[in-house]
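Position chain D against the provided structure of chain Z, taking the given hints into account.
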Amino acid sequence: MELVVLSGKGGTGKTTIATALSELASDVIRIDCDVDAPNLYLFYKGKDIEKREFIGGKKAIIDETICTKCGKCESVCKFHAIENSIINPFTCEGCGACTLICPQNAIKLKDEKIADTFITELDKGIISRAEMGIGSDGSGKLITYLRKNGRRFNRDEKLTIIDGSPGIGCAVISSITGADAVLVVTEPTKSGLEDLMRVVALCEHFGVFTMVCINKYDINEDMSKEIEKFINEKELVLVGKIPYDDTVMKSINELKPITFYKDSIAEKAIENMWNNMQMCLH
Amino acid sequence: MNIAVLSGKGGTGKTTVSTNLALALKANYIDCDVEEPNGFLFIKPEVDTEEKVMVEYPVIDDNKCKSCGACVNVCQFNALAKVKDDIMLFQKLCHGCGACQIACKYKAITYGEREIGKIEKGTARDINCSRGILNISEPMAVPVIRELLKNLSDGINLIDCPPGTSCNVVNALKYADSAILVTEPSEFGLHDLKMAVELVKMYNIPFGIVINKDDGKDNIVKKYCMEEKIPLIGTIPYGKDTAVLYSKGGVLYDDLHHKEIFNQLSKAAKEVLSWN
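If you read the sequences in order, they're chains Z and D. Heads up: the first sequence is residues 132 to 413, going by this note's numbering. Heads up: the second sequence is residues 686 to 961, going by this note's numbering.
Hints were generated in silico from the structure; no laboratory data involved. All residues carry an ideal CB built from backbone N, CA and C; glycine is no exception. Only true hints are included.
Facing chain D, from chain Z, some residues (calculated, C-beta under 7 Å): (1) A168; (2) I265; (3) S267; (4) C301.
Each computed DSS-like pair below joins lysine-lysine, with the alpha-carbon atoms no more than 30 Å apart: (5) D:K902 - Z:K176; (6) D:K944 - D:K908; (7) Z:K182 - D:K879; (8) D:K835 - Z:K189; (9) Z:K200 - Z:K241; (10) Z:K244 - Z:K272; (11) Z:K356 - D:K925; (12) D:K933 - Z:K399; (13) Z:K209 - D:K886; (14) Z:K372 - Z:K399; (15) D:K835 - Z:K272; (16) Z:K241 - D:K886; (17) Z:K381 - D:K914; (18) Z:K203 - D:K777; (19) Z:K321 - D:K737; (20) D:K879 - Z:K189; (21) Z:K209 - D:K777; (22) D:K925 - Z:K381; (23) D:K729 - Z:K365.
Here chain Z stands alone, though its shape is the one from the complex (with noise of 0.2 Å):
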C-alpha cells in the first residue's frame, strides 16, 4: 500500500503530516519525494547504509578542437541553449537533437548525474531519499527510482509513505502514478482551495483514491466551510480537520515529529485521523 501526501501549494504541512502519520503507523517506509525541498530526514538521526549516484538525463559537450562554428547546431536546437557554438547546461535538455545535425561529428551526449540517493536507516524503517544537483531537471525520473530504491526494503506489504511535491506537474505526477492513496493536506486560504481544485483534478484525472485533510483548519472556518463544500460536492472523504497550534512549529525547530508531543491539539487531531484514514484504507 502507497500512500502520497500532497497539498497542490506549498507550505501547507505536508512533511508535518507524513512524518507524523510514519510515526503512527509505526512500522513503515518512508519516500521523501519532495526532492526539491527534502525536509523528512531532517527529524530524524538516521545512518546512511546506501548511497548512489543517480543519472537523470544528458547533456551535450561540445569539442572545441573539432568544432567549425558552422552554426548547424544552434539552429536545430529548439531549447536556445547554444549561443556562438557554446552549451548553456541549465537550458540544454539533452535530446541530442545538435548531435545528430553536427557534420563535424563534434557534440556528444554525456551522462548527467543529477541527484545523489540515500536509503537512510532509522531505529524503526527507511528513509528513501536524494539530494538533488541545484538547478537539475529530471526530477521525475529521480522519484520514480526513489520509490522502488523503497520498495526493495518493503517485504512484507508493509506501508509505504510518500511525501510529495507542491504542484501538479512531473514531480507530482510521478509520485501518484500508480499509487494506492492520495492525502492531500491543505489549509482554509483561497490558495489552499484553488490549488486544492487543481491537484484534485489531476487524482481525478489518475483515479487515485483520495482523502483530504483541512490543517490549521480554525484560522478561517468560513473558509473551511468552503472546503467542506467542495469536498462533499466531489464526494471525496475528509479525514481530518487539524487545529492551528504553535507546537507544530516548535517541533519543526527542534526536528522531532509532532507525534512525540503528546499533549498538543494538533498531535490528537491528527491521530484521530489517522484512525479515520485506517478505515478507508482497509
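Chain D in isolation, oriented as in the chain Z frame:
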C-alpha cells in the same frame, strides 16, 4: 529590471511578497508558478487577453514510414516506441526537440501542435499582470514559463517563481537581473533557503532576503544572513491579522499597517538590488 521572487520551500510567502511589492513599486506582476498560480486571486486583474501555449510533437506519415526505428533510437525521452511494425508516440513524454525528424531517412516525420496551457494578461490598479497556467495532467511546466517570460515589458517586472530549485525555477531565473528570496524563520525554511541561495549564486546577480512570518527575535535566518553576509531586505512580522487577511484573498497593501511594511521593503529592495 526583472526581479525574481523565489524561496526553495513552498508556502513561505513568494506570492504575498511579489504581489504587494508590485503594488508598492507600481511594477508589472508576472506569475510564473504555472502549476499553482495564485497571484491573481489577490490582485484580481481584469483579464483581457488569453493565449494558448502550444508544444510540438511528431506526426508520422504511415505511407512514408518504414518502421526502421531510427527515431525510436534517437529519442532521449522514451517518447517513441516500436511496437511490432508500428511506431507509437507517448505525447506527454515528448519534449518536441526535433531529433526524430533529423534521424528519419524517409522524411516521414512532420510536427503537429497541441495545447498544454495558457497565458492570461490583464490589468489591475494600473499595473500589468500576466500569468501562465499549466493544464491538469500535463507534466512539463517549462514551455509555459518560457512563453510567459519571452517578451517582458520595460520597467520593473516582478517574477513570482515556482517553489523549489529545479528546472522550473532555473527557467524563470534566466530572465532575472536580481532576486528576492523569501523565507520563514524555521529549520525547514532555512534548509531550503540555503538551496535557493546556492542556485541564485550561479547567476551572479544581486539578491537579498525577506523573512516572512518573522518572530522579531535574533532567529536562525538572521544569523545565517549575518554569517553569509547576505543582505536582509526586511521582515514581515508574524501576525494573526496578516494570516486572516491572506486567507480571505485580501491585499495586504490595502491595509495601512501592512502598506507601511511593503513601502519599507520596496525602499530597502531598491538599495540592496541597486536600481533607481
